[in-house]
Amino acid sequence: MSHLTPPLARLQQPLIIEAGRTERHYWHDLWRYRELLGFLAWRDIKVRYKQAALGAAWAIVQPAVQTLLLTFVFGKLAKMPGGDVPYPLLVLAGLLPWQLFAGAFSGAGSSLVSNAHLISKVYFPRLIVPLSAVVVALIDMLILLAIALPACAFSGITPTWRLLLLPLFTLGTMLVALGAGLWITALTVKYRDFRFIAPFILQIGMFVTPVGYRTDFLPNWRDWLALNPLTSMVEGFRWCLLGGRTEFYAQGLCVSLAITTLLLLGGLWYFRTTERRFADVI
Amino acid sequence: MSDAIIKVEGLGKRYTLHHQARSGLLRDRIAGLFHNTFQRTKTAAATEEEFWALRDVNFTVNPGDVVGIIGRNGAGKSTLLKILSRITEPTTGRITINGRVASLLEVGTGFHGELSGRENIFLNGAILGMTRAEIKKKFDEIVAFSEVEKFLDTPVKHYSSGMYVRLAFAVAAHLEPEILIVDEVLAVGDQEFQKKCLGKMHEVASGQGRTVLFVSHNTSALLNVCDTGILLEQGRLSAQGDIKTIVNSYLETGLQRTQVFSASADRPHITTLEVDADALAAGDLIVNVGFRSPCPIVPVVGIVLSTDKGQPISGCNGRMIGSAWRPPAATEGVVKARLSPLLLHSGVYFISIWLSDPATDYDERRNALQFTFVSKNFYPQCPSIDEIGAADFAWKWE
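Residue numbers (the working numbering), protein chains in the order written: chain V, 169 to 450; chain Z, 152 to 549.
If you are wondering where the hints come from, they were derived from the structure by calculation, not from laboratory data.
One or more hints might be untrue.
What the hints assert, rightly or not - Below, simulated PhoX-like cross-link-like pairs (lysine-lysine); rule was C-alpha separation at most 25 Å, straight line:
#1 Lys395/Z / Lys158/Z
#2 Lys351/Z / Lys301/Z
#3 Lys288/Z / Lys214/V
#4 Lys358/V / Lys244/V
#5 Lys301/Z / Lys218/V
#6 Lys289/V / Lys351/Z
Said to hold, decoys possible - Label pairs and their computed distance ranges (CB to CB):
#7 Val215/V / Phe529/Z: 45 to 53 Å
#8 Arg283/Z / Val215/V: 14 to 22 Å
#9 Arg283/Z / Ser278/V: 20 to 28 Å
Backbone N, C-alpha and C define an ideal beta-carbon position, used for all residues, glycine too.
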């Protein structure tokens, strides 16, 4: 059927393969392979809970336990002030972007190595692999969000117009995660050491990101914490979800966006320069 | 249509081999840094070696050509395919491709054991570059070709290896690119399935007029499917042309056409066995058997031709023909046996020989020499020798 009609590709300009020449088709190819992105994410989600008795419930159990743990450590033991917000909700709102970041970051880090059989056998823009890790993390976060919203309403926090800005902060978190994820992905292909370094980064990140505490009660530390691009995202999530009961630090957001841009552009650049050799070193 | 669909110019691919210590580990990188800064020794350089997997390769492929790529292990076939399918980048040179490429370097790339057959069809299709709409359109055809309808919703980890391969090939076979690159995938599956694959490739090539690049060690498959061929030797293109010529020159590069035997000198024995390569290429079999004896004998030589499975095809010896040919007695010499034309299908054959005089047997060498014969008769859809026999008698049809 379709072989009788002149195929589209023939009408397009020829494909030229040359050293250092992959650049031109790249973004076009990325768009062409957008369905593969969906399929890879779908595969990872589907496979992940396939033989687990609790299935997708794990996406909720884990953060629930973490919420209790952080509430206990920061709220009860360290006696950090929670303001007029129930401490568990404060933690839960912080965990949402953190889980998104952590999931995407660790997923991206291992993604190329665990898809090595694809990398060495088929062509597609390699960027799709870490991108699909980000998509998977996003879906996990949405499941968690579906729990968090009723939990907020139940505690008497009515949704406000601020909730409409949540997608922006979600996007921001995804960009931070992608930026960091691209670095870790490309570095892991070359140096497997980063498989050990990545969990370490996440452990430290959990504490330098205000997941378990509020920054507006820590004026001395606020500017330092703002250097972590995730800080603003966590604050943004809280501000949206908790209806403005926490303060939002606008200057911090500017710093965060600048750092995110650098991280992302740098990550893209590094990923693209090393990508050509992935199949040779993987 | 005269425009080349693939044009390869000056293609080269260099790999750098790191010997022992210099691996990709960060530790070694850091150690190397210190090493170079403080010691300035040459050890680092000495452990690196450049290796050209491909060097200065030029060829063009016309639309609709079915090209066989052939060469020994390590000749650069896989590297060439990887570059053509954009998995890795060339070091030098340039390739111009006018069309959509789909490459099949492995059957079932990206199959996931936990997913069902149905899910894997979609996943695998997407990985090979099909859109969801295309896969949906072809879904029924793919399922029919694979013959696994009943197990579509079973995770493929429970499939038998045959079912797995069938499903995987079915997806790949329904790609519709202008250029299809296939690597050795036919090495899997049972005989019947291999035939089905070859048939499908045939259909793709001749029926739909697509361009196919096909790598295989299986010379009879190559002869069946391809019209032209490319021979690679140690990373260089050593010949391009008609597939029969290419397969012949490939076989000539590697096969030993001569066997030398050592035996005690106190009794008559066979010294050499040789198949005339030029005659074989021309379609004749000429076997030269050398002998030596302590005392003059009237040499009687027996020859048996058999298939690569050991099934005898035809044999003859000097005793059986009696006085038709009786050479003079000698202490050494060469007996020449000729079969012209050699009425066999293309394939691999063995020669067994023995030596005697009119009364006593002296020496015997079973399956002493293996040779590959490429018949002048070219049958595009020839069944295998195991089915129709090795003999290619001249059938007349009315």
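Against the structure, the hints come out as follows:
1. Lys395/Z / Lys158/Z: The given pair, whose Cα atoms are some 22 Å apart, holds under the 25 Å limit.
2. Lys351/Z / Lys301/Z: Within the cut-off at roughly 23 Å; holds.
3. Lys288/Z / Lys214/V: holds (24 Å)
4. Lys358/V / Lys244/V: Violated. Lys358/V to Lys244/V sits at ~44 Å, over the 25 Å cutoff.
5. Lys301/Z / Lys218/V: holds (21 Å)
6. Lys289/V / Lys351/Z: holds (22 Å)
7. Val215/V / Phe529/Z: 45 to 53 Å: Since Val215/V and Phe529/Z have Cβ atoms about 48 Å apart, the given range 45 to 53 Å holds.
8. Arg283/Z / Val215/V: 14 to 22 Å: holds (19 Å)
9. Arg283/Z / Ser278/V: 20 to 28 Å: holds (27 Å)
Comparing the model with each earlier hint shows a violation of hint 4 alone; every other hint is respected.
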